[in-house]
Structure formats: C-alpha cells, structure tokens
Amino acid sequence: MLSYGYNPLREMELLRRELDRVFDDAMYGGRATRTARGVNAPAINLVDAGEALVLEADLPGFTEEQLTINLTANVVSIEGAREVSPPEGYSAHRRERGSYRFARSFGLPTKVDPEKTRASLKHGVLTLEMPKLPEARPRNISIKVR
Amino acid sequence: MPDNNEAVQKRDETGVQETRARPMMAPPVDIYENADEFRILADLPGVDERALSVRMDGDELTIEAPRGARASGAALVRELPAAGFRRVFRIPEVIDAEKIDARLRSGVLEVVLPKVAAAKPRQIQVRTR
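Chains A and B supply the protein sequences, listed in that same order. The first sequence begins at 1 in the working numbering and counts up by one. The second sequence begins at 1 in the working numbering and counts up by one.
So here's chain B without its partners, still in its complex pose (with noise of 0.2 Å):
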C-alpha cells in the first residue's frame, strides 16, 4: 500500500524534534567534599556567565553552557569543538539549595554546596556516670 506508507514517512517526517541543537560534551571536573560542604571545580574554557546555567533539582546538580564563539574566517587548523558542555552530578547528601554559590574565573567554574546541619556528621559525647 503505497499511499499508506507515504503517510506514514509524512508523520514521521512532521513529527521529528529537534531535542538538542548543538552537541554537548561533559567538562573535566574535580569534586571535593569536607564535614561543610561539597566543592566541584569544572573547566569550562569559552564560556560566558549570562550564558551559563547551574541548577540544582532535587539531589540533581545540572551544570550547562553553551559555547563561546568562535573567530570567523576560513579555518586552516579546526581542533576545537564546537560542543557545549553539560554534566549532571548527583548529590549523595541534603544540600542547602539556597545557599549554593557559583563563581566563574577565567574558564574555570566553582561551585559550592553547603550541606544542611542535619547532614553533617555530628561528635556525640559520650558520658560516663
């Protein structure tokens, strides 16, 4: 049955989004943690702070940019990607979200997370009668 077909590719051919423009790669990070909180540090070489976007969703930590522009002109040697970055981070603790703090310095973003009191690891003092 042609016709059939025909509209069968028409659909899928209607139907297809486009979910992600540009490809995207993840950035090297180093994750640091003391009895306070939990400190990522990511290479993120090109980007712009408007651009950047740091979002915690539940104990999901999504950290996502686009890529800076590149010059124009004719390219005699292209060994940079065009990709933008995106990492996800799971968070294993209870984080105080309203207290997280982002900075980006020269291509290279810190964020840090500050555990809530009840997540941090307590001393209990034991007594003795």
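Only chain A is shown next, with the shape it has when bound in the complex (with noise of 0.2 Å):
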C-alpha cells in the first residue's frame, strides 16, 4: 500500500481504538483490570482493615497449585498460569478468556506478619489476609486527667 501523510481509514482506525479504551478505562476502572481479559497484571484491591491488611485480586479459574505467593514484612508477589485450552472437536465462536501468565509485586504500607497471614481462593477471588505486626496496629492511648 502506498503511504500518504493522511489515511482516512487510518485516522479512522486510531480513532476506534481511542474510544475504546476511553470506554475500557471508564467501564472497567482502568488498565490493570483488563487482565480479566487477557493481559498479564491482575487487578487488585489493597485495603486497610485496622488489624490487618487485605489484599483481593480477581483470578478466575485458577486453582492453588497455579498460584505462587510469596510475603515478607512489607512486599508481597503473586505469580501464577491458568491453561484455557479448547474442548476436543468443537470449533470456537469466540475466544475471550486467553491463557495466561503473571508476575506482580507491591509493597506494603505498614509491615505485616508473613507468619500469620491467610490466603484463601474462592470463587475466583484470591483474598490475602495480612495481619500487621504489633508495632504497625493503630493504638488506643488513654489520656488521664487529674
């Protein structure tokens, strides 16, 4: 094809794209959770719960055994696979969910006890339950007035 410096199709194109991802960006809540859909950075959510930090990530059909986790007082990495292959003597419409592999690390805001944190994996949602160390915990101090 020859290259001119205006391709409506082109600009057309960009365009398309553009929007979807504006609409991506506003539906979904950003990049990182487009890897519902395939690309390798799990979306999560980090909260402080007082106690405990909980962090939840979105992992459909993902089993233990493909999911690596690995803690320290303040970072904590996920690693894991999932294999979507095709059932036997089907044609596919439409394949969506793609096999796929990540690696994501975070640091933490306040140091957590890697002993006594749980995980646990339930309909597709990993939920890492990390307790802070004792010096990280909010304090009540009790003020005496005389």
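Honestly, the hints are just simulated from the structure, not real lab data. Virtual Cβ for every residue (Gly too), placed ideally from N, Cα, C. Just to be clear, a hint being listed does not mean it is correct.
[Stated by the list, open to error] Reference listing, derived: stretches of chain A covered by chain B, where coverage requires no fewer than 3 residues with Cβ under 8 Å from a Cβ of chain B:
#	stretch
1	42–51
2	80–90
3	120–128
4	131–143
[Said to hold, decoys possible] Subject to a maximum C-alpha distance of 25 Å in a straight line, what follows is the list of computed DMTMM-like cross-link-like pairs (lysine to aspartate or glutamate):
#	chain 1	residue 1	chain 2	residue 2
5	A	K116	A	E11
6	A	K132	B	E79
7	A	K111	B	E110
8	A	K122	B	E49
9	A	K122	B	E37
10	B	K115	A	E96
11	A	K122	B	E110
12	A	K122	B	D48
13	B	K115	A	E88
14	A	K111	B	E79
15	A	K122	B	E64
16	B	K115	B	E37
17	B	K99	A	E88
[Stated by the list, open to error] Partial chain A-side listing against chain B, Cβ under 10 Å, derived:
#	residue
18	R95
19	R97
20	R101
Using the hints, put the two standalone chains together into the complex.
Here is the structure:
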C-alpha cells in the first residue's frame, strides 16, 4: 500500500482504538483490570482493615496449585498461570478468555506478619489477610485527666 | 411562567426511576459449538452461584450476576471494578431449553446448550438403484 501523509481509514482505526480505550477505562475502572480479558497484570484491591491489610485479586479459573504467593514483612508478590484449552471436537465462535501468565509485586505501607497471613481462593477471587505486626497496629492511648 | 416550570421540574424528579442500581460489565467469554451443543464459558470472579441468573428467553440467553462483597476497610489500592456482570447472547439455533446445564467452578461459569434434534445437521444417505 502506498503511504500518504493522511489516510482516512487509518485515522478511523486510531479513533476507534482510542474510543475503545476510553470506554474500557471508564467501564472497567482502569487498564489494570484488563487482565480479566487476557493481559498480564491482575487487578487488585488493597484495604487497611485496622488489624490487618487485606489484598484481593480477581483470578477466575485459577487453582491453588497455579498460584505462587511470596510475602515478606513489606512486599507481597503473586505469580500464576492458567491454561485455557478449547474442548476437543468443537469449533470456536469466540475466544476472549485466554491462557495467561502474570507476576506482580506490591510494596505494603505497613509491616505485616508473613507467618500469620492467610490466603484463600474462593469463587475465583484470591484474598490475602495479612495481620499487621504489633508495632504497626493502631493503638488507643488513654489519657488520664487529674 | 415560573409556576409551570416548577411543576414540570417536580414531575420530572418524581418520575425518575432507577433502572439499574449498579453498573454492569460484560464478562469475557468463550463460545464453542459442535454438532450437538453450544458451550459457553464466562469469567465471573467473585460471583456466588446463588446470586447468578442464567435465563433462556426465546433465542436469547442472558447471564446476570451481582458482584460479591469486597473486603471492607480504608482503600489503599482500588483497581477492581464494583460492577456486576451481564451479557446477552443470541443463539442462532433451536435449543432444548429443558436440558440447559450451567455450573460455576472457581469463578468460571460453563453453560451447555443442547441443540434440539431438528437443528442438528443430518447426513442424508444417497441411494443408487
């Protein structure tokens, strides 16, 4: 194809992609959540629940054996791979759920106890409950008034 | 006519109906077909089977589910969407609605839709005399 400075079809394609991106970001809450559709970085939530930090990640179709979690006092890393193979003897109309492999690490804002951390995988959601180390926990200091 | 305007505005406010409390997103799916059935797989992380609805209405299959609860606390990182899932499929062939089977395993829904006999391809024997 000859290349000119202005190609209306190419411009249309770029516009379409840009609009897709804008809609995706608006609907799926940012690019990280595209993992659900095959890109390599699972979206997470991390909340401070007072006594513990809780991390959640959407990992549909993953089994415990397919996930590796490493935790130190202030870094958590999750790694995993899932295989999606089409059933034999079927033709595919749509394939949006890919096999994928990911690795992601997070720095934690407070120190946690790796020994007491619990991990669970339910309905395709990984939950890590990481109790804070005593020095990082919120404390109530009572003030005596005389 | 300010009075009239006010009346119109009031009516608009009271007439507003919330049609969908939460936003919905389309889950990624795989769709497979062979001579006997369609097989649909959908990623539905965080969905409880009791809250999941799989409905066949005419030639339309609807999958709908609210998202399960997220951990509560002060958010430090929030990337996961709060949206529930909804996706509608038009099935091009006649399905035996009684025999539709759906199961949810580790956040992945699998729906099997058997075709009725009339919709299956038929091999016609050619005879020679």
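Structure-based check of all given hints:
Figure legend: the stretch 42–51 of chain A, annotated as covered by chain B; annotation consistent (8 residues with Cβ-Cβ distances under 8 Å, at least 3 required). With a cut-off of 8 Å between beta carbons, the stretch 80–90 of chain A has 5 residues touching chain B; three or more are needed, and the interface restraint holds. Counting residues of the stretch 120–128 of chain A whose CB falls under 8 Å from any CB of chain B gives 5; the rule of at least 3 is met. Coverage of the stretch 131–143 of chain A by chain B is violated. Counting CB-CB distances below 8 Å, 0 residues qualify, and the rule asks for three or more.
A threshold of 25 Å between alpha carbons decides the hint, and for A:K116 with A:E11 the separation of about 55 Å lies outside it, so the pair is violated. Under the criterion of a C-alpha separation no larger than 25 Å, the hint pairing A:K132 with B:E79 is consistent with the structure, at around 22 Å. Between A:K111 and B:E110, the direct Cα distance comes to roughly 41 Å. Violation of the 25 Å bound is thereby established for this hinted pair. Distance check on the hinted pair: A:K122 and B:E49 sit about 12 Å apart at the alpha-carbon level, within 25 Å; holds.
Distance hint between A:K122 and B:E37 is unfulfilled; the C-alpha atoms sit about 29 Å from each other, more than 25 Å. Of the pairs offered as hints, the one joining B:K115 and A:E96 holds, with about 23 Å between alpha carbons and a cut-off of 25 Å not exceeded. This hinted pair checks out: A:K122 and B:E110 have alpha carbons roughly 17 Å apart, not beyond 25 Å. With a C-alpha separation of about 9 Å, the suggested pair A:K122 and B:D48 falls inside the 25 Å cut-off, and the hint holds.
With a CA separation close to 18 Å, the supplied pair B:K115 and A:E88 stays within the 25 Å bound. For the proposed pair A:K111 and B:E79, the alpha carbon gap of about 22 Å is at most 25 Å, so the pair holds. Among the hinted pairs, A:K122 with B:E64 is consistent with the structure: their alpha-carbon atoms are about 19 Å apart, no more than 25 Å. For the given pair, B:K115 sits about 5 Å from B:E37 by alpha-carbon distance, which is consistent with the 25 Å threshold.
Restraint check for B:K99 and A:E88: the C-alpha separation of about 21 Å stays at or below 25 Å, so the hint holds. Below 10 Å, beta-carbon pairs count as interface contacts, and A:R95 has one with chain B at about 5 Å; its hint therefore holds. For A:R97, the interface hint holds, the least distance from its beta-carbon to any beta-carbon of chain B being 5 Å, beneath 10 Å. Nearest Cβ of chain B to the Cβ of A:R101: about 16 Å, over the 10 Å cut. The hint is violated.
Comparing the model with each earlier hint shows violations of hints 4, 5, 7, 9 and 20; every other hint is respected.
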